[in-house]
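J.: Protein sequence lines, in the order shown, are assigned to chains A, B and C.
Position 144 of the first sequence, counted from 1, bears residue number 144 in my numbering, the numbering being contiguous throughout.
Position 68 of the second sequence, counted from 1, bears residue number 1068 in my numbering, the numbering being contiguous throughout.
Position 211 of the third sequence, counted from 1, bears residue number 2211 in my numbering, the numbering being contiguous throughout.
Simulated from the structure, these hints should not be mistaken for laboratory data.
Being a predicted model, the structure only gives us computed values, none of them experimental.
Check each hint, because a few of them may be wrong.
Just a sample of chain A residues kept apart from chain C, beta carbon distances all over 12 Å, derived [said to hold, decoys possible]:
(1) A44
(2) I52
(3) P78
(4) K100
(5) I102
(6) I123
(7) D126
(8) K159
(9) A172
(10) R175
(11) I198
(12) G200
(13) E223
(14) R225
(15) A234
(16) E243
Derived Cβ-Cβ restraints for the label pairs, each shown as a range [to be verified]:
(17) C/P2188 with B/E1017: 49 to 55 Å
(18) B/E1139 with C/P2188: 27 to 33 Å
(19) A/A152 with C/V2044: 17 to 23 Å
(20) A/G132 with C/E2115: 38 to 44 Å
(21) A/R236 with B/L1098: 40 to 46 Å
(22) A/T48 with B/I1060: 52 to 58 Å
(23) C/A2028 with A/N238: 52 to 58 Å
(24) A/D221 with C/A2028: 39 to 45 Å
Think of the CB as a built atom: it goes at the ideal place given N, C-alpha and C, for glycine as much as any other residue.
Single-letter residue listing:
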Amino acid sequence: MKNKIITTIAAFGLSLAASAASAETVRVGVAAEPYPPFTEPDAAGNWTGWEIDFMNAVCAEAKLDCVVTPVAWDGIIPALTSNKIDAIIGSMSITEERQKTIDFSDKYYNTPSVIATSKGSGITPDAAGLEGKIIGVQVSTIHQDYVTTHFADAAAEIKEYQTQDEANQDLAAGRVDAVMADSLALDAFVKSDACCEIVGAVEDDPAILGAGVGVGLRKGDDELREKFNAAIAAIRENGTYAEFSKAYFDFDIYGQ
Amino acid sequence: MIDWIAGLAAWELLALEPPGWGGVLLRGLAVSLQVAVGGYLLGFLIGVGGATGKLYGGPILRDILDVYTTLVRAVPELVLILLLYYAGTDALNQIMILLGAERVDISGLAAGIFVIGVVQGAYQTEVLRGAFKAVPHGETEAARAYGMSPLQVLRRITLPGMLPHAVPGLSNLWLIATKDTALLAVVGVAELTLVTRQAGGTTKSYFLFFCAAGLLYLMVTLLSNVVIRLIERHARRGIPAVR
Amino acid sequence: MSPEQRRWNEPHRLVLMAIAVAIVLFAAYNMRWDWLPRYSGKLVSGVGTTLWLLLLTSVLGFLIALPLGLAQAAGPVWLAAPARAFCTVIRGTPLLLQLWLLYYGLGSLFAYWPEVRQSWAWPYLRSAWPYGVLALTMSFAGYEGEVIRGAFAGVPRGELEAGRAYGMSRFTVFRRIWLPRAIHRALPTLAGETVLQLKATPLVATITVVDVYAIISRVRQDTYLTYEPLLLLALIYMLLTGVLVLAFRWLEARVPVKGS
């Protein structure tokens, strides 16, 4: 028994020491919850998706040793500021509010925000259409901000979910009448589930919806930011970006 | 209705090899058990130290230990986990930097063990303190009168004497430790409950996967119960049954 | 407590208290609390939800625990076995998993079952709190059921036999001796179980029930603060636990637990 305890402590200490040795690598935080088609775990326990491909391309370009580190989405910014991860590649939109706490690289994709409902609901993507409805959104997202700013008075209730997946799940189960999210994420969902359809994009509000998705970085980590910016520009330039995107989308998601 | 049953019984999703998710669940279970065992042992070390401090320590130490056990037992584990997971590891790094050392990278696993250990430590302190005090004073005094060294008294009298009183509480805490690991899902540690949710989310077979994970947890509990019963019988030998 | 009654005004305690006050002052001045007024109303209603959940599920859970315990202690096999299985399953799996199984698992089944959506129960089934209440109630019933079983089994046989000897019917013995004695024996555990129940309530925030934990999560997401909201949350739960413990101490003083 005593020996066992000692070995366990030794192993514990070793694992700490081992992880301390590899501190030069860039720990890239992704949301621990599936967010298809951008990040999702497969049955073998690996992370796959467009953003994982993007990360691999950017890190190869910038000669960084990136490791995927899944973190709970609602704690992903605290994880960055408290040094658990070094960068966030998690479809995080660049907003003024977030820029008070963290820095961002240049954007790497930009898509509109849309509303999805069950088929034939007749709901329109505006305050009048959502009158008296229950809206589901993922917490800590621009969509949550948008819904609470623009639809709080009209909607009967705004339900906040830890993951987009759960919000979609409750839309399919009929527990919410509408969800608001990124068009590509909802596109993947309505293709996989026959229950629902996208009814259209919401009116733009740049102050809330931001200017595209960027890599989240600690404030003052300028060296890393420059590396990411250069690499993003380079993979746009040399066609790598278009190459790995083909498998997911039939248009350029980089936006204007 | 047919769809419903088909959705419930998509057994091939549980296959051990991809595309089945059985292997992922088992790896999640392994992480859960690692955290539970590590946290429990860390908690035991804290518990032994805490109980000793509470019984023999000076007034300051005793008060600090009282604050520790009271605080930990009054705040929900979920909140403690969030606090310790973010603040605890951050504070450790601040100290390391103050000491001029490299920032250590604390894995989710190590942080989980730390968190469960701190929570378990408070409860185990109380259990062990109670068990220590249950050993009659006369027995230890008699042993000392026979000329035994303090270590001998501990090994021959105190430990065997306290064991029957400590085992029920400690085994109960082990069962709690295995279940508390599920709370780490909330901070994103890939233990059984989180990978179950990932599997459910990706395949849309929530019901199947949650039931499967429930069975795994239940198996851990039932197996633990068997082992606990054996230990209890061993610890209580020579003591008449109470019930 | 320790045998020698310790006093609050010993010199080392004064020093410790001064340190504690210093830490609190440091936190108050050096951390960001400007968000507090904006959320105070929501926090109060969140605490209300938490307490309401606690009260409802503890009372319901205790009422279910009585037959569960009785079935295990004295029921025929066809009642005792399911009751035992229920307690084992509830106690053997994490509450978080039970909660998600009920909410997301059942939710995904409803999608295959359109009749449910037409039924009168749908407005309840589509909201989150019934699942939270159900899971917390079952959890309380499972743990307390085990306690009640022991309480029923622990009532001395002689008392029951004495009741029979007085010519009481089996039911009268149950009503006048067995049940009150068992509840009496179970009461001291209630305080501990209720504190555990309070500490289990924040889990319902993961299925979109808006309790005090959910409000604090909201603050964390809005302000990106790591520590302040969580520290406040810990303080709130500590106060609630303290009040709960004092309330039970007061109650126990009123209901003397003699004998046993």
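J.: Which earlier hints turn out false for this structure, listed by number in ascending order?
T.: Hints 3, 4, 5, 8, 9, 10, 20 and 24 contradicted; others consistent.
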